[in-house]
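Q: Residues per chain, in single letters:
2 protein chains.
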Amino acid sequence: MGFVGVAPDEALMGLITGKRKATEVAHSVWKNIVRKGHTVIDATCGNGYDTLALLKMVADDSGRGCVYGMDIQSTALESTSFLLEGSADENERKLVKLSLVCHSKMEDVVPKGTPVRLVAFNLGYLPGGDKSIITRSPTTLMALQAASRLLDSGGLISTVVYVGHPGGRDELETVQSFASSLPMESWASCKFEMINRPTCPVLVFLLKK
Amino acid sequence: MGFVGVAPDEALMGLITGKRKATEVAHSVWKNIVRKGHTVIDATCGNGYDTLALLKMVADDSGRGCVYGMDIQSTALESTSFLLEGSADENERKLVKLSLVCHSKMEDVVPKGTPVRLVAFNLGYLPGGDKSIITRSPTTLMALQAASRLLDSGGLISTVVYVGHPGGRDELETVQSFASSLPMESWASCKFEMINRPTCPVLVFLLKK
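In the order they appear, the protein sequences are chains H and S.
So in this note's numbering, spot 195 of the first sequence is number 195, and the numbers just go up one at a time.
So in this note's numbering, spot 74 of the second sequence is number 74, and the numbers just go up one at a time.
There's no promise every hint is true.
Calculated cross-link-like contacts (lysine to aspartate or glutamate; reagent style EDC-like; alpha-carbon spacing at most 20 Å) [said to hold, decoys possible]:
1) H:209 <-> S:10
2) H:19 <-> S:10
3) S:208 <-> H:10
4) S:19 <-> H:152
5) H:131 <-> H:78
6) S:19 <-> H:185
7) H:56 <-> H:92
8) H:19 <-> S:152
9) S:21 <-> H:185
10) S:19 <-> H:10
11) H:21 <-> S:10
Examples of chain H residues toward chain S, derived with CB under 7 Å [stated by the list, open to error]:
12) 16
13) 28
14) 32
15) 184
16) 186
17) 189
18) 191
19) 193
20) 194
21) 195
The calculated label-pair distances, taken between Cβ atoms and stated as ranges, are [claimed, not checked]:
22) H:94 <-> S:128: 54 to 64 Å
23) S:35 <-> H:198: 26 to 36 Å
24) H:180 <-> S:128: 28 to 38 Å
25) H:31 <-> S:60: 28 to 38 Å
26) S:108 <-> H:186: 45 to 55 Å
27) H:61 <-> S:181: 46 to 56 Å
28) H:149 <-> S:181: 40 to 50 Å
29) H:108 <-> S:152: 52 to 62 Å
30) H:199 <-> S:31: 22 to 32 Å
31) H:149 <-> S:21: 27 to 37 Å
32) S:177 <-> H:19: 23 to 33 Å
Hint data in this document are derived by calculation from the structure and do not stem from the laboratory.
Heads up, the beta-carbon is just placed ideally off N, CA and C, and yes, glycines get one too.
The task is simple: from the sequences and hints, build the whole structure.
A: Below, the structure written as structure tokens:
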């Protein structure tokens, strides 16, 4: 089989050369994990780009896939809905369930026992929104714990941590501390960061074995 | 064009799942940087596996490629020669120049003005050898500085840092400190590490733009 137009290691080399954005690399990683029909969670809808990308990964004619999207800001959900209106068809949009709720409460939204394949976090603030509203370490930790409970075996918690704003490094510390607490028998957790660009987002991936 | 049998992002996913060894991932990265005819340096020959891998990447019928291999231990160079005897043909072996020298002196071995495409470091001790002989931070720093001077534009310094032995974390600190000192206009430096397996080797890549 051939992978037309996709070079091997493209995402990895994009990271190393610094030519691809952290979010693009995250999307590449998700494509290796998520299949049609999977249930996934966008824990921080923001402007909706991740919700849309995830929807395209899970949606097919069978109508089985599902994207739970959440955000604490109604403007984020409005932006997400607007983006989906323009970029997804009606059948696809039916697979998205948006909730105005803190991601620490994701278990209130996702039915118990649902096998979740991926939980995506963008930690920081809403681009173009109110910069005083940022994700905060205590709720981020609760959200990561909830995500780890919901996640199915083989699934991934993906975090893009924006560290260029006040509180960003604390948030990264929270994610790292949670990641290092996971038993290596059942989890593989890794971190990718640019060393000589300290404000670049840091990627942390937590894979449930 | 198709990449038969090579999945996109295989190396990246190998890192994330923890299923591929750091050295295997490093080799995958090198293959994206090194071409036939390039001049490369194995700064820590060890048992010779990296020297051999690099040789196969640069060698072709033109006889232009070149691998400078060095190690401070004669047993390492003997192991490397032995491996090359068994796994490379005579024409390929002519492209390898082995030197019993500390890698901090690599500029004494590589002719001035040679465009070097890759400098590979395995930092730690020689597997199966005398564990009291380890790479040390002061000479490692001098070696990284020398490598950065020799490297051609578009080239890569690749380091696999073994952190599971005494002094390993100091060595990583040295590499990180050097990497963060590089100006972002002319270098992209990044680090990949497993978070919940603190003794796993850490990968640091320094790409010269």
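Q: Hints numbered earlier in the text: which of these fail when held up against the supplied structure?
A: 16
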